[in-house]
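If you read the sequences in order, they're chains A and B. Per our numbering, the very first residue in the first sequence carries number 733; after that it's consecutive. Per our numbering, the very first residue in the second sequence carries number 733; after that it's consecutive.
A hint or two may mislead.
Here are the simulated SDA-like pairs of lysine to any residue, each with C-alpha atoms no more than 20 Å apart in a straight line [claimed, not checked]: (1) Lys866/B <-> Gly967/A; (2) Lys866/B <-> Asn861/A; (3) Lys822/A <-> Glu1013/A; (4) Lys834/A <-> Phe884/B; (5) Lys866/A <-> Gln870/B; (6) Lys822/A <-> Lys834/B; (7) Lys1054/B <-> Gln991/B; (8) Lys1054/A <-> Glu953/A; (9) Lys1054/B <-> Gly828/B; (10) Lys866/A <-> Asp741/B; (11) Lys866/B <-> Cys798/A; (12) Lys1053/B <-> Ser1009/B; (13) Lys822/A <-> Ser823/B; (14) Lys866/B <-> Val760/A; (15) Lys822/A <-> Leu835/B; (16) Lys866/B <-> Ser753/A; (17) Lys834/A <-> Ser753/B; (18) Lys1054/B <-> Glu923/B; (19) Lys866/A <-> Ser753/B; (20) Lys866/B <-> Lys822/B; (21) Lys866/A <-> Arg1007/B; (22) Lys778/A <-> Met733/A; (23) Lys1053/A <-> Glu997/A; (24) Lys866/B <-> Leu862/A; (25) Lys834/A <-> Ala886/B; (26) Lys834/B <-> Ser756/A; (27) Lys822/B <-> Asn881/B; (28) Lys1054/A <-> Pro830/A; (29) Lys778/B <-> Ser1009/B; (30) Lys755/B <-> Thr874/A; (31) Lys778/B <-> Lys822/B; (32) Lys866/A <-> Asn885/B; (33) Lys866/B <-> Asp797/A; (34) Lys822/B <-> Ser823/A; (35) Lys866/B <-> Gly758/A; (36) Lys866/B <-> Arg863/A; (37) Lys866/A <-> Lys866/B; (38) Lys866/A <-> Val760/B; (39) Lys834/B <-> Asn881/A; (40) Lys834/B <-> Glu923/A.
Source of the hints: derived by calculation from the structure; they are not laboratory data.
2 protein chains.
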Amino acid sequence: MLSLSKIIDPVNGDLAKAENSLKSVGEVQDNHLSELLSYALDIVGKRIRPALTLLTGKLYAYDLDCLLPMAAAVELLHTASLVHDDAIDKSTVRRGRPTINKLWGEDKAVLLGDYLFAKAGEFCASTGNLRGIKLFSQTLATMSIGELNQAFNAFNLEQTREHYFDRISKKTASLFVLATESGAILSQSPERSVAILREYGYNLGVAFQVVDDILDFIGTEEELGKPAGSDLAQGTLTLPAMLLLRYYPEDNPIKRFFQDRGDLEAKRRAVESIRNSPIVEECYDIAASYCARARQNLNLLPDNASRQALMDLTDYIVMRKK
Amino acid sequence: MLSLSKIIDPVNGDLAKAENSLKSVGEVQDNHLSELLSYALDIVGKRIRPALTLLTGKLYAYDLDCLLPMAAAVELLHTASLVHDDAIDKSTVRRGRPTINKLWGEDKAVLLGDYLFAKAGEFCASTGNLRGIKLFSQTLATMSIGELNQAFNAFNLEQTREHYFDRISKKTASLFVLATESGAILSQSPERSVAILREYGYNLGVAFQVVDDILDFIGTEEELGKPAGSDLAQGTLTLPAMLLLRYYPEDNPIKRFFQDRGDLEAKRRAVESIRNSPIVEECYDIAASYCARARQNLNLLPDNASRQALMDLTDYIVMRKK
Chain A
733 MLSLSKIIDP VNGDLAKAEN SLKSVGEVQD NHLSELLSYA LDIVGKRIRP
783 ALTLLTGKLY AYDLDCLLPM AAAVELLHTA SLVHDDAIDK STVRRGRPTI
833 NKLWGEDKAV LLGDYLFAKA GEFCASTGNL RGIKLFSQTL ATMSIGELNQ
883 AFNAFNLEQT REHYFDRISK KTASLFVLAT ESGAILSQSP ERSVAILREY
933 GYNLGVAFQV VDDILDFIGT EEELGKPAGS DLAQGTLTLP AMLLLRYYPE
983 DNPIKRFFQD RGDLEAKRRA VESIRNSPIV EECYDIAASY CARARQNLNL
1033 LPDNASRQAL MDLTDYIVMR KK
Chain B
733 MLSLSKIIDP VNGDLAKAEN SLKSVGEVQD NHLSELLSYA LDIVGKRIRP
783 ALTLLTGKLY AYDLDCLLPM AAAVELLHTA SLVHDDAIDK STVRRGRPTI
833 NKLWGEDKAV LLGDYLFAKA GEFCASTGNL RGIKLFSQTL ATMSIGELNQ
883 AFNAFNLEQT REHYFDRISK KTASLFVLAT ESGAILSQSP ERSVAILREY
933 GYNLGVAFQV VDDILDFIGT EEELGKPAGS DLAQGTLTLP AMLLLRYYPE
983 DNPIKRFFQD RGDLEAKRRA VESIRNSPIV EECYDIAASY CARARQNLNL
1033 LPDNASRQAL MDLTDYIVMR KK
């Protein structure tokens, strides 16, 4: 498999410029805020989302004056949502480091997230593109609905696959759509291409989340940067868990754990059962089918190095271990 | 004293239209979200902030196509920040009703607040005015800094008046500035008037918060919609508390309470001491001085019914009991 850095080679240099914009967010006078920001922004994440904005932007008129701030906005929106997610879930570890809420308290994490949403909005506004700005606000609304849906359904066993795909479309794929659609809009793509890149972002985003949900069961703590089985621990029923419930409707360890959240042995058994079952393969097939659709979307676009990168990303998304 | 409704008479009809826009935010398919929204939006608040946007907008070219969505954006931003504040402070009562976090949990409150920020952003974006949109994002950032500052200084006795005024400028006055400055921008006011209305919003906002901080000591639970002394309970050192500390540096009940948060008798004594001291009058004088500056700002503007309403609001701000 190609490395992520190799795949996104056409925009690596410009991605570094977007990262510099992000770093500049940390340059504030207030000491407390400055400390929080440098911790929150000092994450060497995958930067897939801003790379998507730049890559889709490079299919047509590559205007960095607006693509760079939009790429920064997309990444900051992602960071802000992670900060809030961790505070809400009372998570203690992310990417191998203590979370903001663990170190500074939930109150600071919520307020820092608000600040990051605002700075993301400022970057987005600085593109001067009203369509992109509206899409940005709508995306935050959609993501919040997805997260609310997850919160309201914590430890609820009565959820269907449709609920699952609706939720991950909102909480995850919508941000991928923002990344690709805004890149298309800001590079003056023809409307047909905007719609195609929107679809591509949606399919890639769904595949990404399905793989994330698989990795939460099969990954090592080192790869995940947090303990395996975190979703179950939060009461979040993801696709692998749903399939285990379907195949073993009686005496299922997930049922046991959801009914008695202190029964950590049941949780451990649930993780083991999924890890050693064909469910993992079945979920990977589903993720791969979304990636196949994403590639079909791209077939309709002009061929160049950026399109190839977007193609290769569909493989990376499925093969990645973290 | 004139009633608030009487004061803002020139825009009462249009304010009702802005409220209808707000109500439309609650019309969503998701049942859980719909329930949360109807609860959060069903608050008969004072609506001072959206009234300010409409009143300042009415000084020049009164363009409701953009002023109404901006008024809605300003009020939603306010609502969102209250929802987050309550979640952060773990407050149980606001305006005489249980808070969202009390009824649905802090996680839902944080996510609902995010959703409301997003919807506020959508309303703001629909004005199509880039300058207003930038100001909106900057305001959310500034408010978050003010709130972070408050959170980091909870139960900290070593704070100066400068800290206090800096904090309330950020957490409260900035939103008043957004309300008045956006009204000015969207009604094509001359730049000099935009600057004046910005100043007016700042002075009015500072006065508003000083009075809020007085009322937290002298108001009844019925007037406040929450117990008196809530600020002290959260460890927030407001102007009246700072003055009590200055006048009684030794054996001060605030010091005792901050050092032992279980000492509720000390808290009660602190509230009583302020309530029965000239500190209340001193704080009112300070609020009145900001209102006087706000009136001086207005003297520089053309005289009409809206200007009179903005004048009268400076009296209302100080005289109000809740």
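Against the structure, the hints:
1. About 39 Å separates the Cα atoms of lysine 866/B and glycine 967/A, which puts this hinted pair outside 20 Å; it is violated.
2. About 12 Å separates the Cα atoms of lysine 866/B and asparagine 861/A, which keeps this hinted pair within 20 Å; it holds.
3. Between the alpha carbons of lysine 822/A and glutamate 1013/A the distance comes to roughly 31 Å, so the proposed pair goes past 20 Å and is violated.
4. Straight-line distance between C-alpha atoms of lysine 834/A and phenylalanine 884/B comes to about 15 Å, which keeps the hinted pair within the 20 Å bound.
5. This hinted pair checks out: lysine 866/A and glutamine 870/B have alpha carbons roughly 17 Å apart, not beyond 20 Å.
6. Between lysine 822/A and lysine 834/B the CA atoms are separated by roughly 17 Å; this keeps the pair inside 20 Å, and the hint holds.
7. Distance check on the hinted pair: lysine 1054/B and glutamine 991/B sit about 30 Å apart at the alpha-carbon level, beyond 20 Å; violated.
8. This hinted pair checks out: lysine 1054/A and glutamate 953/A have alpha carbons roughly 10 Å apart, not beyond 20 Å.
9. At most 20 Å may separate the alpha-carbon atoms for a hinted pair to count; lysine 1054/B and glycine 828/B meet this at roughly 12 Å.
10. Only pairs whose Cα atoms come within 20 Å are accepted, and lysine 866/A paired with aspartate 741/B is rejected, the gap being roughly 33 Å.
11. For the proposed pair lysine 866/B and cysteine 798/A, the alpha carbon gap of about 15 Å is at most 20 Å, so the pair holds.
12. Restraint check for lysine 1053/B and serine 1009/B: the C-alpha separation of about 18 Å stays at or below 20 Å, so the hint holds.
13. For the hint pairing lysine 822/A with serine 823/B, the CA-to-CA distance comes to about 19 Å; that is within 20 Å, so the pair holds.
14. Between lysine 866/B and valine 760/A the alpha-carbon distance is near 18 Å, which keeps this suggested pair within the 20 Å criterion.
15. Note on lysine 822/A and leucine 835/B: the hinted pairing holds, with a Cα-Cα distance of about 19 Å set against a maximum of 20 Å.
16. For the given pair, lysine 866/B sits about 17 Å from serine 753/A by alpha-carbon distance, which is consistent with the 20 Å threshold.
17. Of the supplied pair hints, the one linking lysine 834/A and serine 753/B is violated, its CA atoms being roughly 39 Å apart against a limit of 20 Å.
18. The hinted pair formed by lysine 1054/B and glutamate 923/B fails the criterion: a straight-line CA distance of about 34 Å is larger than 20 Å.
19. Simply put, lysine 866/A and serine 753/B have alpha-carbon atoms about 17 Å apart, close enough for the 20 Å limit, and the pair holds.
20. For the suggested pair lysine 866/B and lysine 822/B, the alpha carbons sit about 31 Å apart, so the restraint of at most 20 Å is broken.
21. A distance of roughly 48 Å separates the Cα atoms of lysine 866/A and arginine 1007/B; the hinted pair therefore is violated under the 20 Å criterion.
22. Restraint check: the Cα-Cα separation between lysine 778/A and methionine 733/A comes to about 16 Å, which is no more than 20 Å; the hinted pair holds.
23. Proposed proximity of lysine 1053/A and glutamate 997/A is contradicted: the alpha carbons are some 26 Å apart, above 20 Å.
24. Annotation: proposed proximity of lysine 866/B to leucine 862/A holds, straight-line Cα distance about 11 Å (limit 20 Å).
25. Distance hint between lysine 834/A and alanine 886/B is fulfilled; the C-alpha atoms sit about 18 Å from each other, no more than 20 Å.
26. Straight-line distance between C-alpha atoms of lysine 834/B and serine 756/A comes to about 38 Å, which puts the hinted pair past the 20 Å bound.
27. Under the criterion of a C-alpha separation no larger than 20 Å, the hint pairing lysine 822/B with asparagine 881/B is consistent with the structure, at around 17 Å.
28. The straight-line distance between the Cα atoms of lysine 1054/A and proline 830/A is roughly 18 Å, inside the 20 Å bound, and the hint therefore holds.
29. For the suggested pair lysine 778/B and serine 1009/B, the alpha carbons sit about 29 Å apart, so the restraint of at most 20 Å is broken.
30. The suggested pairing of lysine 755/B with threonine 874/A holds, with an alpha-carbon distance near 19 Å, which does not exceed 20 Å.
31. Of the pairs offered as hints, the one joining lysine 778/B and lysine 822/B is violated, with about 23 Å between alpha carbons and a cut-off of 20 Å exceeded.
32. Restraint check for lysine 866/A and asparagine 885/B: the C-alpha separation of about 36 Å exceeds 20 Å, so the hint is violated.
33. Proximity of lysine 866/B to aspartate 797/A is assessed by CA-CA distance (about 17 Å); at most 20 Å being required, the pair is judged to hold.
34. Using a Cα cut-off of 20 Å, the hinted pair lysine 822/B and serine 823/A holds, with the two alpha carbons roughly 19 Å apart.
35. In summary, the hint linking lysine 866/B to glycine 758/A is supported, as the alpha carbons are separated by about 19 Å, within the 20 Å threshold.
36. The suggested pairing of lysine 866/B with arginine 863/A holds, with an alpha-carbon distance near 15 Å, which does not exceed 20 Å.
37. For a cut-off of 20 Å, the pair hint linking lysine 866/A to lysine 866/B stands: about 13 Å separates their Cα positions.
38. For the suggested pair lysine 866/A and valine 760/B, the alpha carbons sit about 18 Å apart, so the restraint of at most 20 Å is met.
39. Restraint check for lysine 834/B and asparagine 881/A: the C-alpha separation of about 19 Å stays at or below 20 Å, so the hint holds.
40. Pair hint lysine 834/B plus glutamate 923/A does not hold up; C-alpha atoms about 46 Å apart against a cutoff of 20 Å.
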